[in-house]
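Undergrad: Please put together the full structure from these sequences, using the hints given.
Each protein sequence line maps, in turn, to chains E and V. Quick note, the first sequence lines up with residues 44 to 201 if you use the numbering used here. Quick note, the second sequence lines up with residues 2 to 480 if you use the numbering used here.
It should be emphasised that the hints constitute simulated quantities derived from the structure, not laboratory data. Worth double-checking, as some hints may not be accurate.
[Claimed, not checked] These stretches of chain E come out as covered by chain V in the derived footprint (C-beta under 8 angstroms, 3 or more residues):
{"id": "1", "segment": "76-87"}
{"id": "2", "segment": "110-121"}
{"id": "3", "segment": "125-136"}
{"id": "4", "segment": "163-169"}
{"id": "5", "segment": "195-201"}
Ideal placement from N, C-alpha and C gives every residue a C-beta, glycine not left out.
One letter stands for each residue in the lines below.
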Amino acid sequence: MFRLTRRLAGAAVAAALAAFGTMSGTAAAQPTNLTATPGTPATVALPAARTPDAVLLDLYVRAYTPPRRGSVEAIVSLGPTGSEMEIARFAVFPSDPFFATSPRELRAYRFDASAALTAFQGRALMVQVRLVPIDESNSPEGAKLTLGRVEVNPRPAN
Amino acid sequence: MTVNRRTLLTQGAALAAAAALPSEASAQAAVLQRSNVSSLAPNHPILVSYRAAITAMKALPSSDPRNWTRQAQIHQNRCPHGNWFFLPWHRAYLLAFERICRQLSNNANFVLPYWDWTGNPQLPAAFASQTFNGQPNALFNGTRSSQNVTIPTNVAGSQRMATILNETTFEIFGSSRPNGQNNTSATWQRAGGLKGPFESGPHDQVHVRINGDMVSLMSPLDPIFWLHHCNIDRVWDQWNRMGRSNTSNSLWRNFAFNNQFFVPQAAGTTPFNVVVSGMLNIQALGYRYVPPVLTPASLLVAAPPVDLTKLTQVAKGSADQVVKINTPTSLDVKLDAPQAAALKKIQPVSPPAAGPTAAAAKPVQASGRVLAILRDITPPTNGNTEVRVFVNSPDASPETSTQDRHYAGSFTFFGVGEHAGHEGGLSILFDLTDTVRRLRVTEDDITDNIKVQLVPVPIPGVPSTDLQFKVGSIEIAII
Numbered sequence: 044m045f046r047l048t049r050r051l052a053g054a055a056v057a058a059a060l061a062a063f064g065t066m067s068g069t070a071a072a073q074p075t076n077l078t079a080t081p082g083t084p085a086t087v088a089l090p091a092a093r094t095p096d097a098v099l100l101d102l103y104v105r106a107y108t109p110p111r112r113g114s115v116e117a118i119v120s121l122g123p124t125g126s127e128m129e130i131a132r133f134a135v136f137p138s139d140p141f142f143a144t145s146p147r148e149l150r151a152y153r154f155d156a157s158a159a160l161t162a163f164q165g166r167a168l169m170v171q172v173r174l175v176p177i178d179e180s181n182s183p184e185g186a187k188l189t190l191g192r193v194e195v196n197p198r199p200a201n
Numbered sequence: 002m003t004v005n006r007r008t009l010l011t012q013g014a015a016l017a018a019a020a021a022l023p024s025e026a027s028a029q030a031a032v033l034q035r036s037n038v039s040s041l042a043p044n045h046p047i048l049v050s051y052r053a054a055i056t057a058m059k060a061l062p063s064s065d066p067r068n069w070t071r072q073a074q075i076h077q078n079r080c081p082h083g084n085w086f087f088l089p090w091h092r093a094y095l096l097a098f099e100r101i102c103r104q105l106s107n108n109a110n111f112v113l114p115y116w117d118w119t120g121n122p123q124l125p126a127a128f129a130s131q132t133f134n135g136q137p138n139a140l141f142n143g144t145r146s147s148q149n150v151t152i153p154t155n156v157a158g159s160q161r162m163a164t165i166l167n168e169t170t171f172e173i174f175g176s177s178r179p180n181g182q183n184n185t186s187a188t189w190q191r192a193g194g195l196k197g198p199f200e201s202g203p204h205d206q207v208h209v210r211i212n213g214d215m216v217s218l219m220s221p222l223d224p225i226f227w228l229h230h231c232n233i234d235r236v237w238d239q240w241n242r243m244g245r246s247n248t249s250n251s252l253w254r255n256f257a258f259n260n261q262f263f264v265p266q267a268a269g270t271t272p273f274n275v276v277v278s279g280m281l282n283i284q285a286l287g288y289r290y291v292p293p294v295l296t297p298a299s300l301l302v303a304a305p306p307v308d309l310t311k312l313t314q315v316a317k318g319s320a321d322q323v324v325k326i327n328t329p330t331s332l333d334v335k336l337d338a339p340q341a342a343a344l345k346k347i348q349p350v351s352p353p354a355a356g357p358t359a360a361a362a363k364p365v366q367a368s369g370r371v372l373a374i375l376r377d378i379t380p381p382t383n384g385n386t387e388v389r390v391f392v393n394s395p396d397a398s399p400e401t402s403t404q405d406r407h408y409a410g411s412f413t414f415f416g417v418g419e420h421a422g423h424e425g426g427l428s429i430l431f432d433l434t435d436t437v438r439r440l441r442v443t444e445d446d447i448t449d450n451i452k453v454q455l456v457p458v459p460i461p462g463v464p465s466t467d468l469q470f471k472v473g474s475i476e477i478a479i480i
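TA: Pasting the structure below:
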């Protein structure tokens with residue numbers, strides 16, 4: 044965990060990448076973009092060296108701004124660059140704007156990514172989060188989602 | 002593959018468990034059944050009572066905890082989201098609200114209906130109309146994005162729900178513990194954990210797609226909120242019935258929700274304080290759900306067909322039946338003497354006890370199982386259908402209620418394409434124990450002749466014109 048403020052946005056990116064390095068045992072981070080807007084996905088690199096039991100993808104969302112009209116959903120994809128496969132869709136609820144000012148305020152989402160992680164074992168992967176309108180008749184303009192951290196983790200015991 | 006009794010039981014465990022609990026308590030008057038709203042006409046007493054309760058709650062002063070806005074504020078100020086208290090807290094919230102509705106509607110049998118957005122993805126019609134009988138409709142909410150909202154299959158369709166239900170770990174299915182929780186202090190109730198696919202998927206997406214009041218923490222201002230969460234609660238119950246275990250962690254089980262909910266008492270209200278462990282047996286809480294429409298994932302038996310030779314008794318019945326949409330088809334099985342004797346050992350449900358309380362209602366232990374195996378099914382080539390299964394009904398038809406005591410459950414053909422081409426065809430295993438035990442205490446007791454009646458009905462919005470499928474044969478296994 045690391046503190047995230049507007050002033051420290053750049054540091055947040057570095058911290059997020061550092062977290063990956065710590066997690067995977069490698070530090071070969073790729074260029075990333077932690078903020079998704081309509082038409083521009085958030086992208087986070089996942090190094091090739093991963094433990095085989097790490098099958099859950101955990102996304103920590105730092106900030107969200109809903110569109111000015113209508114609503115959006117986030118499509119989460121994972122795979123080699125250009126060959127990402129969709130693993131989940133989610134919508135932010137409650138949909139009020141929020142900005143986490145401490146690690147405890149990050150909103151975390153957990154997805155089973157075992158299919159993608161198994162299919163692409165041993166390869167560097169890209170996590171991509173795209174914002175798309177739920178209602179095509181409304182423009183998603185104004186929507187923004189910023190990631191704080193991305194992890195892959197093993198399944199917890201029941 | 003040879004499958005013995007043990008294996009068959011394992012394969013059928015999900016649906017056996019799913020079917021076992023509901024009607025075991027069906028004869029106990031204090032356990033009320035929450036119904037699918039799609040089965041209720043707009044003037045059904047449940048919806049009439051719900052409207053009356055909402056109207057009464059809105060008329061109460063804001064000083065009264067039963068006031069409509071006050072109820073929504075409980076959610077705004079207390080609801081946990083994104084952690085493992087999400088499911089039990091909302092169960093308690095629904096219970097308290099349901100009791101308020103009973104009091105204010107003067108309907109002691111009121112139960113919240115649920116909106117099954119998988120089987121009926123469109124916003125229920127009773128909630129979409131501005132008026133009812135010429136008066137403002139209390140179920141209507143004008144802030145929604147549309148009154149024709151339809152939840153897409155990639156959010157809550159059968160395959161999506163099958164994936165969610167397939168999760169075996171509670172802290173993924175029901176969201177995780179708050180990060181760092183090390184005691185049961187109330188401060189952890191809204192602390193962040195990891196939101197699992199059930200909460201972030203169907204739960205959140207339905208909120209957001211309806212929009213308006215539903216996208217905020219004041220979402221209970223929209224009457225559909227309560228039916229949405231009733232369905233969330235039903236899916237949790239279904240997950241448990243499939244043999245999935247809630248976490249045994251005491252940080253979850255011993256957690257208390259105190260001074261958050263209120264229930265009627267005499268002329269006023271009293272706090273409804275609960276502990277998570279007290280929220281886990283819904284029959285003890287006084288309600289249950291109709292048997293679920295089972296997904297193919299829980300019904301399909303891998304080909305080649307199960308070898309039933311090691312089962313106690315197996316009877317074979319009519320073969321090569323073509324079943325058409327909206328047309329009841331009976332598959333008859335005549336039992337011989339040993340088979341009838343085995344069937345006779347299936348115990349009936351307990352008769353209603355005199356004045357049972359909800360807390361005293363306990364499920365009756367099953368003594369055996371009656372399974373129907375539909376073999377060599379050729380699925381429909383066009384569209385899909387909900388196939389309602391009845392047992393020994395004198396008049397099963399598309400109009401027969403799923404509340405009918407002969408109703409055993411339903412299945413659909415969603416997702417069968419990947420299975421249909423296997424050697425040996427498609428087989429479906431269906432548990433009739435629940436229904437047989439229920440019929441045992443009535444004049445419809447089954448002795449040596451079992452009629453499994455299939456009634457395919459259209460699924461709203463899904464093509465079914467001229468739909469038909471074929472059943473190669475049927476077997477009844479008594480184990």
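Undergrad: Each hint should be assessed against the structure and marked as holding or not.
TA: Here is what the structure says about each hint:
1. 76-87: It is violated, with 0 qualifying residues against the three required.
2. 110-121: This one holds; 3 residues, not fewer than the three required, reach chain V with a Cβ under 8 angstroms.
3. 125-136: holds (count 6)
4. 163-169: violated (count 0)
5. 195-201: holds (count 4)
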